[in-house]
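Asks: Sequences and hints are given; from them, build the entire structure.
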Amino acid sequence: KKKKMVEEEVEYDLKREIKKGEELMKRLENGESSELVDDAIETLEKAWQVTQSLRVFDGRILSADDVADADLPCAFLQYYLSKAIDRKGTRDLKERLSNLERVELTARQFMTLVHRLGILEKEEEYCWEKLEDTEKSNPIIEREAAMALYERRQLIRERIQTLISRLKNGDDVERDLILLRLLEAAQDTLNNFKIRSREMTMLRARVSTNKGKETPAPARPADPNMAWLKAPHDGKGLRVIRVSTLDGQLQYNRDRIKRDVFTPDPRRLPTISIEEAGEAELKEALERQEREKQAEFTKKLPENDTRRTDQLLRDGDEDGNEDRYDAATKRDEEWDTWKEHHPRGSGNKGDHLF
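For reference, each letter of the sequence shown is one residue, going 1 to 354 in UniProt numbering.
Be aware that a few hints might be false.
[Said to hold, decoys possible] Pairwise CB distance ranges, derived in the manner of DEER restraints:
(1) Met202 <-> Arg157: 28 to 36 Å
(2) Arg102 <-> Asn191: 13 to 21 Å
(3) Arg27 <-> Ile61: 26 to 34 Å
(4) Met147 <-> Lys19: 32 to 40 Å
(5) Glu340 <-> Glu292: 38 to 46 Å
(6) Lys15 <-> Asp171: 21 to 29 Å
(7) Ser98 <-> Leu54: 26 to 34 Å
(8) Asp188 <-> Arg166: 22 to 30 Å
(9) Val207 <-> Lys168: 47 to 55 Å
(10) Glu29 <-> Val173: 18 to 26 Å
(11) Glu29 <-> Ala70: 21 to 29 Å
[To be verified] List of simulated lysine-lysine pairs, PhoX-like, C-alpha gap at most 25 Å:
(12) Lys168 <-> Lys19
(13) Lys330 <-> Lys299
(14) Lys194 <-> Lys94
(15) Lys26 <-> Lys15
(16) Lys88 <-> Lys19
(17) Lys46 <-> Lys26
(18) Lys26 <-> Lys168
(19) Lys168 <-> Lys15
(20) Lys19 <-> Lys46
(21) Lys194 <-> Lys130
(22) Lys20 <-> Lys130
(23) Lys88 <-> Lys46
(24) Lys20 <-> Lys46
(25) Lys20 <-> Lys168
(26) Lys26 <-> Lys299
(27) Lys122 <-> Lys194
(28) Lys88 <-> Lys194
(29) Lys88 <-> Lys26
(30) Lys293 <-> Lys283
The set of hints was computed from the structure by calculation and includes no laboratory data. Cβ atoms here follow ideal geometry from the backbone N, Cα and C, with glycine treated the same way.
Replies: This is the structure we're talking about:
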């Protein structure tokens, strides 16, 4: 009876540690402080040790059907652990390389587990087998596999959303949802293998190049003209965000950036309210519309019509428009009179215009 109570206590602690590890990873993915990384690694490592001591995934387990619903979340531990170790920032090349090698080992252990449990579907299993067979590596096959994984990722996300909706409606699909999320985690792990391999290759080359150059270079004297860079921030304008390329990914505080970038500048505050600006634009639009109507009406008046009699006849506007026709006749007579008095035209020097 005492042994049974101890096992129940260990099982309860395991569930609590898994839940804590998941929450820490969500906080890290949402951009919270990277100081949580060490806490997440410690929590996930402890949970995985307890999982191994309870032999949740020992040799007797042949597939996911042999795993109890309460034990299925334990399969996420190595996936979360690999993500947490990858987020561990450092400026030391050797330490970063060591972290990546540890990530690689943990990720492969996770993939081996989900493959043994039969969680991988046909496409993911094909990509995993190609990744394991390094001797027959082919860039074309790798590219096709990456494209297939991308398309599959969209499909799996849609299936997950469908199961979440069914779960909210009371359907008993929690186990199916866990299995599908394990498949999504496997897709993410497969996608990161190639990226991590390239970074490890670059780091190994740099570490081998830097051998024998361990003596640090003497520090350059401080430039007094650059002292303003280290001055405390006054809350105006942008701050300098220092990013280390050795951290594996860009880490930044989104809330601080939003606060700094979108702070209103007192020199550019609006002089009128939005309502006043809208009323001014409406008034201007109405006045412009009235001017256009007046111009259109004035253009149609007989005295403003510049057409000749032959143009009126051609347009069919001579009937019922005596005033318009008389004005056109008068313009024609004036034009004929002018031509009689100027048989050679107005000349081409243009001096009569000045």
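Asks: Each hint: holds or not?
Replies: Against the structure, the hints:
Evaluation of the 28 to 36 Å hint for Met202 and Arg157 yields a pass: the beta carbon distance comes to about 31 Å. Evaluation of the 13 to 21 Å hint for Arg102 and Asn191 yields a pass: the beta carbon distance comes to about 19 Å. Range check, Arg27 to Ile61: about 31 Å between beta-carbon atoms, so the 26 to 34 Å window is met. Roughly 36 Å separates the CB atoms of Met147 and Lys19, a value that falls within the hinted 32 to 40 Å.
At about 41 Å, the beta-carbon gap between Glu340 and Glu292 stays in the expected band of 38 to 46 Å. Distance hint check for Lys15 and Asp171: the Cβ-Cβ separation is about 23 Å, which falls inside the suggested range of 21 to 29 Å. In this structure the hint that Ser98 and Leu54 lie 26 to 34 Å apart at CB holds, the actual value being about 29 Å. At roughly 23 Å, the beta-carbon separation of Asp188 and Arg166 lies within the given 22 to 30 Å, and the hint holds.
Roughly 51 Å separates the CB atoms of Val207 and Lys168, a value that falls within the hinted 47 to 55 Å. Checking the proposed 18 to 26 Å range against Glu29 and Val173 shows it holds: the Cβ atoms sit about 25 Å from each other. Remark: the range hint 21 to 29 Å for Glu29 to Ala70 is upheld by a beta-carbon distance near 25 Å. For the hint linking Lys168 to Lys19, the alpha-carbon distance of about 20 Å falls within 25 Å, and the restraint holds.
With a C-alpha separation of about 19 Å, the suggested pairing of Lys330 with Lys299 holds against the 25 Å cut-off. With a C-alpha separation of about 20 Å, the suggested pair Lys194 and Lys94 falls inside the 25 Å cut-off, and the hint holds. Pair hint Lys26 plus Lys15 holds up; C-alpha atoms about 17 Å apart against a cutoff of 25 Å. Restraint check for Lys88 and Lys19: the C-alpha separation of about 21 Å stays at or below 25 Å, so the hint holds.
At most 25 Å may separate the alpha-carbon atoms for a hinted pair to count; Lys46 and Lys26 meet this at roughly 18 Å. Only pairs whose Cα atoms come within 25 Å are accepted, and Lys26 paired with Lys168 is accepted, the gap being roughly 21 Å. For a cut-off of 25 Å, the pair hint linking Lys168 to Lys15 stands: about 23 Å separates their Cα positions. Our distance criterion of 25 Å between C-alpha atoms is met by Lys19 and Lys46, whose separation comes to about 12 Å.
Simply put, Lys194 and Lys130 have alpha-carbon atoms about 12 Å apart, close enough for the 25 Å limit, and the pair holds. At roughly 35 Å between alpha-carbon atoms, Lys20 and Lys130 are farther apart than 25 Å, so this suggested pair is violated. Simply put, Lys88 and Lys46 have alpha-carbon atoms about 18 Å apart, close enough for the 25 Å limit, and the pair holds. Distance restraint check for Lys20 and Lys46: the Cα-Cα separation of roughly 11 Å lies within the 25 Å cut-off, and the hinted pair is therefore satisfied.
Annotation: proposed proximity of Lys20 to Lys168 holds, straight-line Cα distance about 23 Å (limit 25 Å). For a cut-off of 25 Å, the pair hint linking Lys26 to Lys299 is broken: about 71 Å separates their Cα positions. Among the hinted pairs, Lys122 with Lys194 is consistent with the structure: their alpha-carbon atoms are about 20 Å apart, no more than 25 Å. For the given pair, Lys88 sits about 19 Å from Lys194 by alpha-carbon distance, which is consistent with the 25 Å threshold.
For the given pair, Lys88 sits about 15 Å from Lys26 by alpha-carbon distance, which is consistent with the 25 Å threshold. Straight-line distance between C-alpha atoms of Lys293 and Lys283 comes to about 16 Å, which keeps the hinted pair within the 25 Å bound.
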